[in-house]
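Asker: Protein chains in written order, with the numbering used here: chain A, 5 to 347; chain B, 5 to 347.
Incorrect hints may have been included.
Since copy identity is lost for identical chains, a pair holds within one copy or between any two.
Said to hold, decoys possible - Listed below are the simulated DSS-like cross-link pairs for lysine-lysine, each with C-alpha atoms no more than 25 Å apart in a straight line: (1) K93 - K167; (2) K236 - K334; (3) K163 - K93; (4) K185 - K108; (5) K16 - K133; (6) K112 - K236; (7) K167 - K301; (8) K167 - K334; (9) K302 - K167; (10) K302 - K344; (11) K257 - K108; (12) K108 - K301; (13) K195 - K302; (14) K112 - K135.
Please keep in mind that the hints were generated in silico from the structure rather than gathered at the bench.
2 protein chains.
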Amino acid sequence: MIKNDLFLRALKGETVDRPPVWMMRQAGRYLPEFMEIRKKYDFFTRCRTPELASEITVQPIRRFGMDAAILFSDILVIPQAMNIEVEMKPNFGPYLPNPVRDQKGVDKVVNPDVYEELGYVMDAIKATKEKLNDEVPLIGFAGSPWTILCYVVEGQGSKNFAKAKEFCFTNPVAAHQLLQKITDTTIAYLKAKVKAGVNAVQVFDSWGGMLSPTDYQEFSWQYINQIIQALKNDAPVIAFGKGCWFALQEMAKSGASALGVDWTCTARNARYLSGGQITLQGNFDPSRLLSPPEEIKKMVHQMINEFGKDKYIVNLGHGILPNIPVENAKAFIDAVKSYKVEG
Amino acid sequence: MIKNDLFLRALKGETVDRPPVWMMRQAGRYLPEFMEIRKKYDFFTRCRTPELASEITVQPIRRFGMDAAILFSDILVIPQAMNIEVEMKPNFGPYLPNPVRDQKGVDKVVNPDVYEELGYVMDAIKATKEKLNDEVPLIGFAGSPWTILCYVVEGQGSKNFAKAKEFCFTNPVAAHQLLQKITDTTIAYLKAKVKAGVNAVQVFDSWGGMLSPTDYQEFSWQYINQIIQALKNDAPVIAFGKGCWFALQEMAKSGASALGVDWTCTARNARYLSGGQITLQGNFDPSRLLSPPEEIKKMVHQMINEFGKDKYIVNLGHGILPNIPVENAKAFIDAVKSYKVEG
Numbered sequence: 005m006i007k008n009d010l011f012l013r014a015l016k017g018e019t020v021d022r023p024p025v026w027m028m029r030q031a032g033r034y035l036p037e038f039m040e041i042r043k044k045y046d047f048f049t050r051c052r053t054p055e056l057a058s059e060i061t062v063q064p065i066r067r068f069g070m071d072a073a074i075l076f077s078d079i080l081v082i083p084q085a086m087n088i089e090v091e092m093k094p095n096f097g098p099y100l101p102n103p104v105r106d107q108k109g110v111d112k113v114v115n116p117d118v119y120e121e122l123g124y125v126m127d128a129i130k131a132t133k134e135k136l137n138d139e140v141p142l143i144g145f146a147g148s149p150w151t152i153l154c155y156v157v158e159g160q161g162s163k164n165f166a167k168a169k170e171f172c173f174t175n176p177v178a179a180h181q182l183l184q185k186i187t188d189t190t191i192a193y194l195k196a197k198v199k200a201g202v203n204a205v206q207v208f209d210s211w212g213g214m215l216s217p218t219d220y221q222e223f224s225w226q227y228i229n230q231i232i233q234a235l236k237n238d239a240p241v242i243a244f245g246k247g248c249w250f251a252l253q254e255m256a257k258s259g260a261s262a263l264g265v266d267w268t269c270t271a272r273n274a275r276y277l278s279g280g281q282i283t284l285q286g287n288f289d290p291s292r293l294l295s296p297p298e299e300i301k302k303m304v305h306q307m308i309n310e311f312g313k314d315k316y317i318v319n320l321g322h323g324i325l326p327n328i329p330v331e332n333a334k335a336f337i338d339a340v341k342s343y344k345v346e347g
Numbered sequence: 005m006i007k008n009d010l011f012l013r014a015l016k017g018e019t020v021d022r023p024p025v026w027m028m029r030q031a032g033r034y035l036p037e038f039m040e041i042r043k044k045y046d047f048f049t050r051c052r053t054p055e056l057a058s059e060i061t062v063q064p065i066r067r068f069g070m071d072a073a074i075l076f077s078d079i080l081v082i083p084q085a086m087n088i089e090v091e092m093k094p095n096f097g098p099y100l101p102n103p104v105r106d107q108k109g110v111d112k113v114v115n116p117d118v119y120e121e122l123g124y125v126m127d128a129i130k131a132t133k134e135k136l137n138d139e140v141p142l143i144g145f146a147g148s149p150w151t152i153l154c155y156v157v158e159g160q161g162s163k164n165f166a167k168a169k170e171f172c173f174t175n176p177v178a179a180h181q182l183l184q185k186i187t188d189t190t191i192a193y194l195k196a197k198v199k200a201g202v203n204a205v206q207v208f209d210s211w212g213g214m215l216s217p218t219d220y221q222e223f224s225w226q227y228i229n230q231i232i233q234a235l236k237n238d239a240p241v242i243a244f245g246k247g248c249w250f251a252l253q254e255m256a257k258s259g260a261s262a263l264g265v266d267w268t269c270t271a272r273n274a275r276y277l278s279g280g281q282i283t284l285q286g287n288f289d290p291s292r293l294l295s296p297p298e299e300i301k302k303m304v305h306q307m308i309n310e311f312g313k314d315k316y317i318v319n320l321g322h323g324i325l326p327n328i329p330v331e332n333a334k335a336f337i338d339a340v341k342s343y344k345v346e347g
């Protein structure tokens, strides 16, 4: 049904002529057409208005022709739907005025009806599917429960999420209750997204790499794994853990269709640590998109040679940065499309 | 000559009854006696006054009896001595009002006479050696050239040092000139420190883990390696790279006496990646010092069992946090001292 199914075939591990490509945060601030919309509408208006969210989602596809679209939204719509106030402050980022830091706070967190609280996301998916016209698949996403907890407890972004870790290490019972609530809502949310039309889902564990391997199992992986088990028969699941190289072996056994890796993991290490069978996604350093376009092309071709063209989805190792020139983003996408197996 | 030479013996790889222990940033804000001094004197006064720096250095030794002292100072005394203005803003951290971001900025950076510009450090070492009275060894330290560049270019702390990476990736010629200047000054500085009396040196590469393995070789490791080659016949060198698990194999070949690892690397991975022969130092998650003291004791004993008592120096995986209760820090040190090999 999807005309360009390269991305879905890579998720199945099928042999392809070239790997598919998309970029985390590809609908975002480096795009002039996004900045036009951003001038007029604040962050949550953009998320909550299907016409805007769908337009933003397809902007990079129109301009660059990636092999997959990812719905414009934010991981923090989940805590927002769970009775936690979330603001997006300009030049600051997410701000949660009433962070959860004790049992009482956890008790106030609710598991909502996702259609009631997050119906606008399902409407945005339907609007996007219409605009995409089955040209490329659409990805839906959620944050990992641990990453959501980081913001919910810390109240804002942080270098080391010391307050979030303090909460988990001094009040593990309440922390696990909170993580389970987030997990349950996330599962219902992602299932609804699949029903609304997304062709694959990605779980972003942006801050899993701040935990030791033992703590990662306890506070992050077991909840991501619940999500994968609940979703894997509905749609392909991609698990991306920034800094989570140490968990790739375990992650590969979960039934996820692909694992995302960041740029600190060489292709060789990533293949070795993940067991060599699962599809991998990544891992160009987003800052390296500041190199000249010719150099980007060379580095992308080398990266594909190292990962191999099969069981591989070309991506960045984290979200694209706002200061990347459009022609450099284009060079990244074009480099994948011009890739030819040597010999 | 040094009465408690456990730390120096571990650096040589000798068999010991228990591993030595110290904590990165052990002279710092979690200590009430440090906070007393901090009330009266600003940051650089504390660094520049040998009586204060030496007093702060020995405070944790008196209280907890670690197996090594580390001179109270800061990695940013190096750029300060190189004609770059460095302020330490309360509740903000380092601030460099004139960050280096182009060739002209690099040209203004000078290689000073380290005795002239940093003589106060040598005086602090002599004052500390007197106070320590050869009870335990004294460690001197420097930041890695890449980590210093991060601050010098960014102008302050950062989550991803995007400006520092942008500078390196768009102006590599100027970046390498800057890195070489920092390297040359650091070598002269550490050699002077050894002459003044430190028994070992540690190079802190706090931000090496933000680079891909290829970029790490180019922008960080080759300069750390120059420092190790220049220093290794003068004193044992410890190389600590936060997030640099991917480079442990190469680092182990350098002639460094020990490698520091952070808490994302299990003992097993750290031993495997570093080749199993070199002394390792680490790697307790600083946030885990918020666990109850009894739990800390258990986790420390498990950590020693996993690393093995030999070729091992117990430490945190990064600096101790300001909010750690004194009794928890004590539990960490005491757990090492009470360690007995089982069986």
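Asker: Against the structure shown, which of the earlier numbered hints fail to hold, in ascending order?
Answerer: Numbers 2, 6, 11, 12, 13, 14, in rising order.
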